[in-house]
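Participant: Sequence order for the protein chains is V and X.
Quick note: the first sequence uses the numbering used here, first residue 37, plus one each step.
Quick note: the second sequence uses the numbering used here, first residue 37, plus one each step.
Mixed in with the good hints, there may be bad ones.
Since the list gives no way to pick out one identical chain from another, each pair is judged satisfied if it fits inside one copy or across any two copies.
[As the list claims (entries may be wrong)] Here are the computed lysine to any residue pairs in the SDA-like style, where the Cα-Cα straight-line distance is at most 25 Å:
{"no.": "1", "residue 1": "Lys252", "residue 2": "Glu338"}
{"no.": "2", "residue 1": "Lys54", "residue 2": "Arg65"}
{"no.": "3", "residue 1": "Lys127", "residue 2": "Tyr330"}
{"no.": "4", "residue 1": "Lys54", "residue 2": "Asp274"}
{"no.": "5", "residue 1": "Lys127", "residue 2": "Ala322"}
{"no.": "6", "residue 1": "Lys127", "residue 2": "Asn240"}
{"no.": "7", "residue 1": "Lys127", "residue 2": "Ala327"}
{"no.": "8", "residue 1": "Lys127", "residue 2": "Pro326"}
{"no.": "9", "residue 1": "Lys54", "residue 2": "Thr341"}
{"no.": "10", "residue 1": "Lys252", "residue 2": "Pro132"}
{"no.": "11", "residue 1": "Lys252", "residue 2": "Asp277"}
{"no.": "12", "residue 1": "Lys127", "residue 2": "Thr329"}
{"no.": "13", "residue 1": "Lys127", "residue 2": "Ile325"}
Please keep in mind that the hints were generated in silico from the structure rather than gathered at the bench.
Now for the letters of each chain:
2 protein chains.
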Amino acid sequence: MPSSNSGLTIGIDLGGTKIRAAVVDRDGRVIGSHLIGTDVAGGPEKVLADILDSVRGGLGTDLSAIEAIGVGVAGQVDPASGLVRSSPNLKWESFPFGERLSTALDIPVVIDNDVQVATWGEWQHGAGRGVDDLLVIFVGTGVGGGAVTGGRLLTGRSGLAGEMGHVTIVAGGRQCTCPNQGCLEAYVGGWAIAERAVEAMLANPDAGRGLLEWAKGEEITARLVGELAATGDPLATDIMDRTGQYLGAGLVGLIHVFEPARVVFGGGVIEGSPDLVHTVESIVRANAIPAYTYDLEFVRSELGTDAGVIGSASLALERVVSRRRQL
Amino acid sequence: MPSSNSGLTIGIDLGGTKIRAAVVDRDGRVIGSHLIGTDVAGGPEKVLADILDSVRGGLGTDLSAIEAIGVGVAGQVDPASGLVRSSPNLKWESFPFGERLSTALDIPVVIDNDVQVATWGEWQHGAGRGVDDLLVIFVGTGVGGGAVTGGRLLTGRSGLAGEMGHVTIVAGGRQCTCPNQGCLEAYVGGWAIAERAVEAMLANPDAGRGLLEWAKGEEITARLVGELAATGDPLATDIMDRTGQYLGAGLVGLIHVFEPARVVFGGGVIEGSPDLVHTVESIVRANAIPAYTYDLEFVRSELGTDAGVIGSASLALERVVSRRRQL
Numbered sequence: 037m038p039s040s041n042s043g044l045t046i047g048i049d050l051g052g053t054k055i056r057a058a059v060v061d062r063d064g065r066v067i068g069s070h071l072i073g074t075d076v077a078g079g080p081e082k083v084l085a086d087i088l089d090s091v092r093g094g095l096g097t098d099l100s101a102i103e104a105i106g107v108g109v110a111g112q113v114d115p116a117s118g119l120v121r122s123s124p125n126l127k128w129e130s131f132p133f134g135e136r137l138s139t140a141l142d143i144p145v146v147i148d149n150d151v152q153v154a155t156w157g158e159w160q161h162g163a164g165r166g167v168d169d170l171l172v173i174f175v176g177t178g179v180g181g182g183a184v185t186g187g188r189l190l191t192g193r194s195g196l197a198g199e200m201g202h203v204t205i206v207a208g209g210r211q212c213t214c215p216n217q218g219c220l221e222a223y224v225g226g227w228a229i230a231e232r233a234v235e236a237m238l239a240n241p242d243a244g245r246g247l248l249e250w251a252k253g254e255e256i257t258a259r260l261v262g263e264l265a266a267t268g269d270p271l272a273t274d275i276m277d278r279t280g281q282y283l284g285a286g287l288v289g290l291i292h293v294f295e296p297a298r299v300v301f302g303g304g305v306i307e308g309s310p311d312l313v314h315t316v317e318s319i320v321r322a323n324a325i326p327a328y329t330y331d332l333e334f335v336r337s338e339l340g341t342d343a344g345v346i347g348s349a350s351l352a353l354e355r356v357v358s359r360r361r362q363l
Numbered sequence: 037m038p039s040s041n042s043g044l045t046i047g048i049d050l051g052g053t054k055i056r057a058a059v060v061d062r063d064g065r066v067i068g069s070h071l072i073g074t075d076v077a078g079g080p081e082k083v084l085a086d087i088l089d090s091v092r093g094g095l096g097t098d099l100s101a102i103e104a105i106g107v108g109v110a111g112q113v114d115p116a117s118g119l120v121r122s123s124p125n126l127k128w129e130s131f132p133f134g135e136r137l138s139t140a141l142d143i144p145v146v147i148d149n150d151v152q153v154a155t156w157g158e159w160q161h162g163a164g165r166g167v168d169d170l171l172v173i174f175v176g177t178g179v180g181g182g183a184v185t186g187g188r189l190l191t192g193r194s195g196l197a198g199e200m201g202h203v204t205i206v207a208g209g210r211q212c213t214c215p216n217q218g219c220l221e222a223y224v225g226g227w228a229i230a231e232r233a234v235e236a237m238l239a240n241p242d243a244g245r246g247l248l249e250w251a252k253g254e255e256i257t258a259r260l261v262g263e264l265a266a267t268g269d270p271l272a273t274d275i276m277d278r279t280g281q282y283l284g285a286g287l288v289g290l291i292h293v294f295e296p297a298r299v300v301f302g303g304g305v306i307e308g309s310p311d312l313v314h315t316v317e318s319i320v321r322a323n324a325i326p327a328y329t330y331d332l333e334f335v336r337s338e339l340g341t342d343a344g345v346i347g348s349a350s351l352a353l354e355r356v357v358s359r360r361r362q363l
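Same shape as in the complex, but just chain V (with noise of 0.2 Å):
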């Protein structure tokens, strides 16, 4: 097991879709990366010996100066035990993940949900520094998000605390993909908008005539819809107008939950549509209780699509030193 005090890390970003491995310097730069898809149907086996692959070649780098390895999984995941128990978009269930990797490997593997670690990343690296309380949510496909409490990652009782995206917002409302009914995912996720737009479109076939023609045949994406917003289309840009609404009703909620010192957004949705972020917080500012406001910030994330890897690899390196600390 190395025992060097490189401060380099391999963070990898394992999704339904894709797959990044990146080696990480202790200041959150990223030195290297290597991307590859994710076999799914492969099953975890297959998965596991590309990660194997592109770790020991495809990243090209020197695995006896590599300190730990931080994965994020899209899915439930126990950090303590390394085991992945569950996710829809890899279709595994309980699949030892952490130990099978570092035992291959011989380094020490942190696994984290991942928007756990981007949030971790975010907070260490990204538009969250400096800062003790803070809050972080994504809005893509599915709304995610983190905090960070009196200078600790908020974890829960087993690592599954911060699905900002399954609040209620409103009671009874609509079918979220959880069992949960008015979450705020079901109105402000990529999913959510795409299908509230569709029913505005059969609602008024009239007004959707413009998203309809956008979209030239292809199905109906919260990005088109975004990008229709922006020319001003009033089908388009009410959708979206609710959309931050809705978000503003959700972290006005939040901010009195956890009285961060700021918010980052990041994910998809947000980047297709940065002008959600003023929404959301010009509703923030006048509907919150005053005394959480004042001098809160509504930041964008700065690490981008490198959260994830940049988080994963940095929380290894957390993890592995405090534990060497201990011994």
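Dock chain X against chain V, hints included.
Facilitator: Frame of chain V, contents of chain X only:
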């Protein structure tokens, strides 16, 4: 300044109608207590003088054996400086209550928000004992709460975190007493239950006759609605059923955010309608993501109206002892 290790502290529950002071031992037992009314009209100096009288005389305790005094204040406080920033109930703005009390008695004083200290009390000596991840919800006239995450009280950037009553559960819904619309409190707080009942009576006077008679010319309150619901009156039952559904909707979200091991429910509305806890539990088990609830516990507060004095006393002991350790 006393330097004994008696483990005795005084807890003070400072509310807008009454003030309770109690001597509490290190195991959270109330040794003696004293209750006075709050002279809000007399202003902060009069209230401070009354508290000094209560502590020096009414409590009948030897102050030289008291290690610290804890105060839970109904309002926004700055625990670090002892400043009461704002208390609508007391009609105080920026009063340095902690410093004034500590100087007058020459005993260290720790102040915090009333709901934060009650959360601490339930965690240390009540229904929240033994878990590191705890959610506490008090449903009274208002709705407050607190959280313990990873073995620490959630405080937020400046001690204001934990306003669980002010999460949005109906975007654009009922106006809250805070600037937001659709807060949990605006549906399940005692004032909101009464408001919803009156609206239901006005909308359907026939169905409302039972409640009108039950109130015997007095104001409609949540307590009356709860009592009448227990007799089977359809309108009151419907109001309380919906109250449980709203509370459940809010809790689903908070459980996804915190992943606690246990939820403690307290406050007057819960005491009056304890079945609400079962309603909420069944809603949460049906609607939350299953991994969050498989061994989640739903329990009622154990300390009841003692939570404030026990919590503030116990928090004061903890903070003073930990300060001593740092010296």
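Participant: Would you mind marking each hint as holding or not holding in the structure?
Facilitator: Outcome of the hint check:
| no. | hint | in the structure |
| --- | --- | --- |
| 1 | Lys252 with Glu338 | neither (33 Å within a copy, 62 Å between copies) |
| 2 | Lys54 with Arg65 | within (21 Å within a copy, 58 Å between copies) |
| 3 | Lys127 with Tyr330 | between (44 Å within a copy, 21 Å between copies) |
| 4 | Lys54 with Asp274 | neither (33 Å within a copy, 50 Å between copies) |
| 5 | Lys127 with Ala322 | between (43 Å within a copy, 23 Å between copies) |
| 6 | Lys127 with Asn240 | neither (38 Å within a copy, 52 Å between copies) |
| 7 | Lys127 with Ala327 | between (45 Å within a copy, 16 Å between copies) |
| 8 | Lys127 with Pro326 | between (45 Å within a copy, 17 Å between copies) |
| 9 | Lys54 with Thr341 | within (12 Å within a copy, 55 Å between copies) |
| 10 | Lys252 with Pro132 | neither (44 Å within a copy, 65 Å between copies) |
| 11 | Lys252 with Asp277 | within (23 Å within a copy, 48 Å between copies) |
| 12 | Lys127 with Thr329 | between (41 Å within a copy, 22 Å between copies) |
| 13 | Lys127 with Ile325 | between (43 Å within a copy, 17 Å between copies) |
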